[in-house]
Amino acid sequence: MKFVSSQQLPPKKLGDQGEVAARRLLENKGYRFLTGNFRTKFGEIDLIFQDREELVFVEVKARTKSEQGLPEEAVNRYKLATIERVAEFFMREHPQLPQLGRIDVVAIEEDTGQVRHLVNVTG
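Remember, my numbering sits 527 above the position in the sequence shown when you count from 1.
These are computed hints drawn from the structure, not numbers from a lab. Bear in mind the structure is a predicted one, so any value in this text is a computation, not a measurement. Mixed in with the good hints there might be a few duds.
EDC-like mimics (lysine to aspartate or glutamate), calculated; alpha carbons at most 20 Å apart, straight line [unchecked claim]: (1) Lys556 to Glu581; (2) Lys556 to Asp573; (3) Lys606 to Glu571.
Have a look at the derived ranges for each label pair, beta carbon to beta carbon [said to hold, decoys possible]: (4) Gly596 to Gln623: 37 to 45 Å; (5) Arg612 to Leu645: 16 to 24 Å; (6) Pro622 to Glu594: 42 to 50 Å; (7) Pro622 to Ser593: 38 to 46 Å; (8) Ser593 to Gln626: 34 to 42 Å; (9) Glu615 to Asp638: 32 to 40 Å.
Each residue gets a CB set at the ideal place from its N, CA and C atoms; glycine is no exception.
Using the sequences provided together with the hints, build the complete structure.
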């Protein structure tokens, strides 16, 4: 999938458009969208989907220029630990949903238009 932007975007707008592109990508793969920007006192998860009997907690990372490094490199141990805490909270709050989950990353490079879906980045 390609991400197309006609101009360099400010970070917030790039992030918002990245989340829209990520949602479209995952819905096209058959994932069922549950919610976006799920916030708790522990942190936030950008997108939450269900893929068959598994919840998918998605971190979307977008960069304007590839020389800034790969977007997925910004998802460090601290960020993953935050996502895990928020995911555990989400599952406790939604016991009717599958209680098996994973963390995926959707990485977007605005200058090249590249969009990558990295599945189960912790496992």
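Quiz prompt | In rising order, the numbers of the hints this structure does not comply with | solution = none
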